[in-house]
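Peer 1: For reference, the chains in residue letters:
There are 2 protein chains.
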Amino acid sequence: MYRTCTCGELNIAHVGKEVTLSGWLQRSRDLGGMTFIDLRDRYGITQLVFNMETNAELCEKARKLGREYVLQVKGLVAERSSKNNKIPTGEIEIIVSELTVLNSAKVPPFTIEDNSDGGDDLRMRYRYLDLRRNPIRKNLELRHNMSILIRNYLNTLNFIEIETPFLIKSTPEGARDFVVPSRMNPGEFYALPQSPQQYKQLLMVSGFDRYFQIVRCFRDEDLRADRQPEFTQIDCEMSFVEQEDVLNTFESLVKFLFKELKNIEFDSFPRMSYADAMKYYGCDKPDTRFGMKFVEINDVAKGKGFGIFDNANLIAGINAEGCAEYTRKQLDELTDFVKRPQVGATGLVYIKYNADGSFKSSVDKFYSQDDLKVIANAFEAKPGDLMLVLCGDEDKTRKALCELRLEMGTRLGLRDNTKFSPLWVVDFPLLEWDEETQRFYAKHHPFTSPKPEDENFLDTPAEWGKIRANAYDMVINGVEVGGGSIRIHDRDLQNKMFHTLGFSDEEAQNQFGFLMNAFEYGAPPHGGLAFGFDRMCAVFSGVDSIRDFIAFPKNNSGRDVMSGSPSPIAQAQLDELFIDLREINTEK
Amino acid sequence: MYRTCTCGELNIAHVGKEVTLSGWLQRSRDLGGMTFIDLRDRYGITQLVFNMETNAELCEKARKLGREYVLQVKGLVAERSSKNNKIPTGEIEIIVSELTVLNSAKVPPFTIEDNSDGGDDLRMRYRYLDLRRNPIRKNLELRHNMSILIRNYLNTLNFIEIETPFLIKSTPEGARDFVVPSRMNPGEFYALPQSPQQYKQLLMVSGFDRYFQIVRCFRDEDLRADRQPEFTQIDCEMSFVEQEDVLNTFESLVKFLFKELKNIEFDSFPRMSYADAMKYYGCDKPDTRFGMKFVEINDVAKGKGFGIFDNANLIAGINAEGCAEYTRKQLDELTDFVKRPQVGATGLVYIKYNADGSFKSSVDKFYSQDDLKVIANAFEAKPGDLMLVLCGDEDKTRKALCELRLEMGTRLGLRDNTKFSPLWVVDFPLLEWDEETQRFYAKHHPFTSPKPEDENFLDTPAEWGKIRANAYDMVINGVEVGGGSIRIHDRDLQNKMFHTLGFSDEEAQNQFGFLMNAFEYGAPPHGGLAFGFDRMCAVFSGVDSIRDFIAFPKNNSGRDVMSGSPSPIAQAQLDELFIDLREINTEK
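Protein sequences, first through last, are from chains A and B.
Under my numbering, think of the first position of the first sequence as 1, with each following residue one higher.
Under my numbering, think of the first position of the second sequence as 1, with each following residue one higher.
With the rest of the complex left out, here is chain A:
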């Protein structure tokens, strides 16, 4: 038996007990007559003592051990003379009588500490060592705990987890599929699922009523920062439901998770229309931990001779409370910020509402103190506040102001990562116009149902942009953690939808045939959603990056630098698959 206890469980109550422990050497301190070793495992750290006077040979042996050696020790639990109240085992130590080296270790390429000295690349190459560090281990423990809670919660609500296939049919619509050549069917390919969307809808046709699955999904996209080619969804679907049923079910789930994992309770779980989200926050995933809502001032800012405002479609801004004392340098920084290409504004107008009630703005030439007072009233600003105003084309202005709002939130410490503000964004548009291909695309996917009251717009192409969908996103702290919709279950409406999207009957049949066919045999009304599990873990931890919530992530080129994947395969394998590689122009 390698151990009688773990390194996290011994305390003052165990003094006098003979124990066996196994673990890793975290650090060792040689104090002349005594040597102390911190022995680490997943559960904690226990201090080992070796004494030159009582057992010189053993103590000499202990001194030769390096960091990360794997040790087994037998010894007696004793009370420490100098206690450490920061760790649960801090009142005791083990007076070691036997020491076995279970395995030696090379010196790790970075320190196995909470704040490691290893850079990202090195940590990824030696991910198995990086995973020894507390913060990463705790992330994966959180992930595990969350998955257990989710499964049990959904199980009590009669959701049944059903595994859907990974080797599925490739469909050209949507993001790019990863494909898998079939050896048994040469020239043909499977695709890896981007989501189990069609299968979960089939399961509703099958009468499973309430389905979920925590499931890996795949998307062969060019990886922006913090995207992974494989990611995990909490995928859910329900039958005989309307939008409110889905929202209520899953806001309860998220409330339950916050209560269990963070001991946080939410009084409310607001719903905001997509139109309001765009109007007041400039994006469909507002960070509602703080206010600073957009204020539109076209009516009070135009007509005063300031051409830039007069020619703008939209003049809008935010009120940064208590920032009237901002210096020229700070204001210049903000101007530089909004002018960045990613933000895209051409300039920034500020209006300081001084403590004495006077105003100072970058457009004083055009606006009297009275004019500025009227504008300040529109902002509901108080003395001491700073109004920041952008203008121009509607969409661009909103997008830039959204970035400025988030930047100000960060600067003012309003984006506290221990605070959580969840909401539903609802009433998304059904269709989205694409300038490049000059056609409408499904904003969500082609099975999303329109709001019944907007259905009649489907007959009038000029109205298509106005149609709202039974689609919803859950947003927490400005991050979209999940989204879904009520699906179309009526075949006529589905056909109309496909025509709207420019599909011929053949195209629709070819791409979605098996689902379309299934719908002819009694499809119930149904809807659902999917959460991004990696993202959800990160949001719960108040962290931006998902990478440290994935045990073995890939880098931005889709590479696993630890295992060296992807890699070339043998010619024999290509032969079996009946495929050839093309020459790759390496000069490119």
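For the record, the hints were derived by calculation from the structure and aren't laboratory data.
Mixed in with the good hints there might be a few duds.
Residues from chain B shown here face chain A by an in silico Cβ test under 10 angstroms; the list is partial [unchecked claim]:
1) Arg-127
2) Arg-176
3) Val-180
Negatives, chain A to chain B, calculated, CB over 10 angstroms [claimed, not checked]:
4) Thr-335
5) Asn-354
6) Gly-357
7) Leu-406
Source: prediction; values computed, not measured.
Every residue gets a Cβ at the ideal spot worked out from N, C-alpha and C, and that includes glycine.
Starting from the known structure of chain A, fit chain B onto it as the hints suggest.
Peer 2: What follows is chain B alone, placed relative to chain A:
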């Protein structure tokens, strides 16, 4: 709101209540003045009543509805005059006041009943309808319940579920990988995991101590009956353990599952050595629901002038209790059975121990009644028993006798699928000689550790076949449901093992490099196992085939006939992947 209750929950206590139900029309009976409809959902069936006298219009409407229509009804719960005590809702019916057709349905291609009239092919093509049938639904519910129980059980034992990657490095050793071309790294491929073996060992190096994962795995093998290209494993690994720790942990899990799911308790969970399994049952996964162990009779059967026995390496048989009355026809059937190519014996010798104490055998010419009595004693046979004997080459004889034993078990009704007999088969050989390639292969995998007492044999190639491994399989009712081993964690021993398997250092580094490297940084002693989850579900249900425990299985050509996968992909996709398809000789 589509429903206030499900179709499974109303009973006599609800009489007088106004309810709304939604579901599928299971069947409808028109009795002139009255029409009855069975409304079905996942939870049960509720009877609806329509009365021509009280509401002719509604009743007429109800009569026009076809099987599998999706309906919503409002009505009053009433006590039935003729009750059905076979279903929980059998005491009540709903007097319908409102009827909405939520969706119509074409006539299904087979009946949605427990015993459907649909053949396998048709059922697979319309799997979404097949899944509406009770038996299949119950299989998937069992699977879900089992997964919830497993996760919670392992969670209480501090196992943590960690998701490992699906896009991994391809390794040539072992079964054939499915590969995934990388668009971002042209000419390179990912592989889909055959198991997370290397990752779970890395997680032990990382100190996660106890890991599990219910995870999809992939093998591109020619599919024998009841194999699937994608299958699910319950994959587990533990640190600081010896073989007994692993066996105890997972036999407890399986006992727990039997108790929870079948209310069955096991007094014992025997361990049988591989050598004994081969000696007494002729295979490494004995069905121990019944005895009929092999008896070797070389010493008492040789030297009596029967050349076939005299020249055989092994003469062995089984005693079929109470079968002395078998007819000539029955014995001929058994002879035909053992002569089948899959069984491979050249003939069958029988010895009847008649009720009167006399013997009748197919070798009476060579054996006196006294000789046969001696043989009968070896079998511990009683009057009324039938001894069935095979002989020849050792391995072939055992294999054939194993099949004969199972056949007799089936004929005698000893393989009762409501009875469960689990055991561990332990002490597997470490290495297996392959005649074709004239080399030893790892019986389990190259990381399996030898028994410490057999380790010294590694230095002597002539002894390699004798080395026993710390490897074990769990067998239930003759089915291998899981298997694993204690791994090598010592680098020198690992190197020796690779040399034994004929790997050069480069080959070992190329194929297993990242794991080998990780082992240099402090690998703990560790071991684990994996259960076949699909198989486990089938065994628990007393069913041979795994196919109906998988929502969307593939056929023996790896095809999903429902979705039409695999399928050709667009040229543009091939271009992006820098691969070409070869001409396929369609005449072949």
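Peer 1: Each hint should be assessed against the structure and marked as holding or not.
Peer 2: Structure-based check of each hint:
1. Arg-127: holds (8 angstroms)
2. Arg-176: At about 7 angstroms, which falls below the 10 angstroms cut-off, the nearest Cβ of chain A leaves the hint on B:Arg-176 intact, so it holds.
3. Val-180: Result: holds, 5 angstroms to nearest chain A Cβ.
4. Thr-335: holds (38 angstroms)
5. Asn-354: holds (55 angstroms)
6. Gly-357: holds (56 angstroms)
7. Leu-406: holds (30 angstroms)
In terms of the numbered hints stated before, the structure departs from none.
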